[in-house]
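> Chain residues, written in single-letter form:
2 protein chains.
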Amino acid sequence: MSKKVIKAALLGLGTVGTGVYKVLKNQEEEMEQKIGASVAVKKILVRNLKKAAAKIPEPELLTNSWQEILEDESIEIVIEVMGGIHPAKEYITQALCAGKHVVTANKDLVASFGGELLDCAAEHHCDFLFEASVAGGIPIIRPLKQCLAGNHISEVVGIVNGTTNFILTKMTQEHMEFADALALATRLGYAEADPTADIQGYDAGRKVAIMASIAFNSRVTFEDVATEGITHISSKDIRYAKELGCVIKLLGVAKNTGDGIEVKVQPMLVPEGHPLASVNDSFNAVFVHGDAVDDAMFYGRGAGELPTASAIVGDVFDIVRNILFGCTGRISCTCYKALPIKKQEETESRFFLRLHVDDKPGVLAGIASVLGNYRVSIAQMIQKHREEDFAEIVVVTSKVREGNFHDAMLIIEGMEAVHKITSVIRVYGEQE
Amino acid sequence: MSKKVIKAALLGLGTVGTGVYKVLKNQEEEMEQKIGASVAVKKILVRNLKKAAAKIPEPELLTNSWQEILEDESIEIVIEVMGGIHPAKEYITQALCAGKHVVTANKDLVASFGGELLDCAAEHHCDFLFEASVAGGIPIIRPLKQCLAGNHISEVVGIVNGTTNFILTKMTQEHMEFADALALATRLGYAEADPTADIQGYDAGRKVAIMASIAFNSRVTFEDVATEGITHISSKDIRYAKELGCVIKLLGVAKNTGDGIEVKVQPMLVPEGHPLASVNDSFNAVFVHGDAVDDAMFYGRGAGELPTASAIVGDVFDIVRNILFGCTGRISCTCYKALPIKKQEETESRFFLRLHVDDKPGVLAGIASVLGNYRVSIAQMIQKHREEDFAEIVVVTSKVREGNFHDAMLIIEGMEAVHKITSVIRVYGEQE
Numbered sequence: 001m002s003k004k005v006i007k008a009a010l011l012g013l014g015t016v017g018t019g020v021y022k023v024l025k026n027q028e029e030e031m032e033q034k035i036g037a038s039v040a041v042k043k044i045l046v047r048n049l050k051k052a053a054a055k056i057p058e059p060e061l062l063t064n065s066w067q068e069i070l071e072d073e074s075i076e077i078v079i080e081v082m083g084g085i086h087p088a089k090e091y092i093t094q095a096l097c098a099g100k101h102v103v104t105a106n107k108d109l110v111a112s113f114g115g116e117l118l119d120c121a122a123e124h125h126c127d128f129l130f131e132a133s134v135a136g137g138i139p140i141i142r143p144l145k146q147c148l149a150g151n152h153i154s155e156v157v158g159i160v161n162g163t164t165n166f167i168l169t170k171m172t173q174e175h176m177e178f179a180d181a182l183a184l185a186t187r188l189g190y191a192e193a194d195p196t197a198d199i200q201g202y203d204a205g206r207k208v209a210i211m212a213s214i215a216f217n218s219r220v221t222f223e224d225v226a227t228e229g230i231t232h233i234s235s236k237d238i239r240y241a242k243e244l245g246c247v248i249k250l251l252g253v254a255k256n257t258g259d260g261i262e263v264k265v266q267p268m269l270v271p272e273g274h275p276l277a278s279v280n281d282s283f284n285a286v287f288v289h290g291d292a293v294d295d296a297m298f299y300g301r302g303a304g305e306l307p308t309a310s311a312i313v314g315d316v317f318d319i320v321r322n323i324l325f326g327c328t329g330r331i332s333c334t335c336y337k338a339l340p341i342k343k344q345e346e347t348e349s350r351f352f353l354r355l356h357v358d359d360k361p362g363v364l365a366g367i368a369s370v371l372g373n374y375r376v377s378i379a380q381m382i383q384k385h386r387e388e389d390f391a392e393i394v395v396v397t398s399k400v401r402e403g404n405f406h407d408a409m410l411i412i413e414g415m416e417a418v419h420k421i422t423s424v425i426r427v428y429g430e431q432e
Numbered sequence: 001m002s003k004k005v006i007k008a009a010l011l012g013l014g015t016v017g018t019g020v021y022k023v024l025k026n027q028e029e030e031m032e033q034k035i036g037a038s039v040a041v042k043k044i045l046v047r048n049l050k051k052a053a054a055k056i057p058e059p060e061l062l063t064n065s066w067q068e069i070l071e072d073e074s075i076e077i078v079i080e081v082m083g084g085i086h087p088a089k090e091y092i093t094q095a096l097c098a099g100k101h102v103v104t105a106n107k108d109l110v111a112s113f114g115g116e117l118l119d120c121a122a123e124h125h126c127d128f129l130f131e132a133s134v135a136g137g138i139p140i141i142r143p144l145k146q147c148l149a150g151n152h153i154s155e156v157v158g159i160v161n162g163t164t165n166f167i168l169t170k171m172t173q174e175h176m177e178f179a180d181a182l183a184l185a186t187r188l189g190y191a192e193a194d195p196t197a198d199i200q201g202y203d204a205g206r207k208v209a210i211m212a213s214i215a216f217n218s219r220v221t222f223e224d225v226a227t228e229g230i231t232h233i234s235s236k237d238i239r240y241a242k243e244l245g246c247v248i249k250l251l252g253v254a255k256n257t258g259d260g261i262e263v264k265v266q267p268m269l270v271p272e273g274h275p276l277a278s279v280n281d282s283f284n285a286v287f288v289h290g291d292a293v294d295d296a297m298f299y300g301r302g303a304g305e306l307p308t309a310s311a312i313v314g315d316v317f318d319i320v321r322n323i324l325f326g327c328t329g330r331i332s333c334t335c336y337k338a339l340p341i342k343k344q345e346e347t348e349s350r351f352f353l354r355l356h357v358d359d360k361p362g363v364l365a366g367i368a369s370v371l372g373n374y375r376v377s378i379a380q381m382i383q384k385h386r387e388e389d390f391a392e393i394v395v396v397t398s399k400v401r402e403g404n405f406h407d408a409m410l411i412i413e414g415m416e417a418v419h420k421i422t423s424v425i426r427v428y429g430e431q432e
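Taken in order, these protein sequences are the chains called D and A. Those letters in the first sequence? Residues 1 to 432, by UniProt numbering. Those letters in the second sequence? Residues 1 to 432, by UniProt numbering.
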């Protein structure tokens, strides 16, 4: 029997591209038995041929011509690991139009243009798979689209940014301040030179948009996600959270409520007993609640050369199986609803609030009264300690409409007895 | 466009069967958009028509004739939720031979005859799916077969029995003894009237056999699994484990070592920092280590009406997609290797050992010397406390060949100064 070989091209040979190359090599001997054919990387698109040649033992695979790959009819699968929107979007579109199947790890692209690319893939009976775009090596897209397809999923909550989880873990376990923990993350290679997308929650926002789209069968784009980063979190907040039995995590939260989808990325107090609370260091996890499965969680490495490559190669193997069985395009876009996205001020949250106020009688009562006027009810109010010229108080609210809470904050901020609103952090979960 | 309907039969209408019926009803409105066709349950096989009629609003679907279902050519999918080996095995085989696709939650059957049934399915180009047979609602079979297919998986470790995990959690958190915790589990419906299969580790053994087969691409049956239950664990063991920074969990452990597969179910000390250590109550979790993905964990409900139905309906939907795309049988048996199974005595473990000995000089040295003779090296040795006529000591060993350890135990048991070997429990993990 002649050996069946499926040819693929790799776009990009950075960390993830190198990982894909390695993982495919590691699987070389078993592929045919495992999936019915071998996958051979025929071409690798790079910008700098010379630099790339040092990375792999087969420099003859390298090219800097996208046209060469696009026009090569023997190449059936394109693996895009360049990142960025342009030219990745154009290349992927051209590949799909040429009948090539595409695997990508590009969360920026999928979070903003996933619908368009899936439609293009469907039109050409191609597969467009992107398991690696969310939570690195952790299987989450396929479980949501297939294993949990019998559910109405009401909530997807993820720790999907390893950099910020590493920083918050250091702040929690070693009482570091944000700036020091960020510096450490940078030194260890967990944070990029420009960490903005991570620490401002944009990266997590892209991932939660992708997951929400699939979980709720309704398109959610990055532009729909309200994002807040972790730069304002202090080790003092984390200490107070601990007193309340909580840790602080940067969560991507997507909820399908009766009247629309809520989707946001925010640092939140998470009760210590919740499975997400013990996800530490650079690990990621995605927690899902469905009407049939109840609670489920998926945990693992959210980034890195080989974990990300694991997800990509899983997608590639799936496409090979589809090619062999003539069923490519078998699972395409599942966004058959068009649910509204709720405005942030219309959503409800619980808040942890830390204030510096005059240390004199009546101040607490005054604050409580303002909160009451805006229908913010107080679950806990604690006078934490006294400094020379002020007292620090911590308030935890019950669930309140975000708009009301912010209106109340404006009034409280203007009160003479209030020196400063030090922290406003949301609290995850329903219970008081 | 005419509505495409795929007809299915349900074998059994117990807890899980009722769950499947409900979940399919819950998905009725969306199915066609989600997967391209509706699934209609056309017949339900039950033993007692009258009793079953009270359970569903469509008693006309009920039948007690398997032949009626088998001979109904319009039925394309058979969902087996009767449990037990016979007649489930015969029914499934006949269904596959008749070209019907089969979904089952039957771990007993899959753990002993999975290979045979998968071969039969492949021969008839049918799907035979069994996601629900391991860890209830938690997606694990499909992630292993597809998402993680780019890995050489070296280890699968699961808390895959909710009953024993509930019992151990109560023993840990509320300091109950085994018998009381079992009684509570029975009262709350977590334990069956005859809890043998759970508390002796057989149930977990079946699940770990199924997972090992898929993870290592080599058939492992229940008969290959060394099982040990939790009936001998005392709250004192749990307290001592805590002093060592560990909890005790019933683990199904499968390892693919260089010289064969190790597969066993045993109560083990698990370091508190390990993700499995915080899996409590009746929750299940499966921890996987692969050469590309590194560590990953899957967590959720391992049993119950709706969680199990979630997994079954996920499989049913996948088959519907395969039928519509003409690619049934797309992923069949993946056991293309024939790795040897290691004998238990040839495997290596670390041990926690609790002994009652004479409270006099030289006893510790005597025990240490016997252990040394059998190449059992001691990682920790602690004199725990003194009673009137004996002292209690706890020993934690380094990694040792099981055979050597048991030989050493025989000698130690016969020592005059040794009153009793109270506990022998394995310790999970490589580190000392």
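It is worth saying that the hints were derived from the structure and are not from the lab. All of these numbers come straight from a predicted model, not from anything done at the bench. Worth double-checking, as some hints may not be accurate.
If several chains are the same, the list does not tell them apart, and a pair holds so long as it fits within one copy or across any two.
[Said to hold, decoys possible] Heads up, simulated DSSO-like pairs for lysine-lysine below, C-alpha to C-alpha not over 30 Å straight-line:
| no. | residue 1 | residue 2 |
| --- | --- | --- |
| 1 | 34 | 255 |
| 2 | 7 | 384 |
| 3 | 55 | 25 |
| 4 | 55 | 420 |
| 5 | 3 | 384 |
| 6 | 34 | 51 |
| 7 | 420 | 399 |
| 8 | 342 | 25 |
| 9 | 399 | 3 |
| 10 | 7 | 25 |
> State for each hint whether it applies.
Going down the list of hints, with the structure as the test:
1. 34 <-> 255: between (38 Å within a copy, 19 Å between copies)
2. 7 <-> 384: neither (64 Å within a copy, 64 Å between copies)
3. 55 <-> 25: So residue 55 and residue 25 pass the 30 Å test inside one copy only (14 Å; across, 54 Å).
4. 55 <-> 420: neither (54 Å within a copy, 61 Å between copies)
5. 3 <-> 384: neither (72 Å within a copy, 64 Å between copies)
6. 34 <-> 51: Answer is neither: 34 Å inside a copy and 46 Å across each miss the 30 Å cutoff.
7. 420 <-> 399: For residue 420 and residue 399, only the intra-copy Cα distance (23 Å) is at most 30 Å; the inter-copy one is 57 Å.
8. 342 <-> 25: Between. Shortest inter-copy distance 29 Å satisfies the 30 Å Cα cut-off; intra-copy 46 Å does not.
9. 399 <-> 3: Neither: 62 Å inside a chain and 44 Å across chains, both beyond 30 Å.
10. 7 <-> 25: within (14 Å within a copy, 43 Å between copies)
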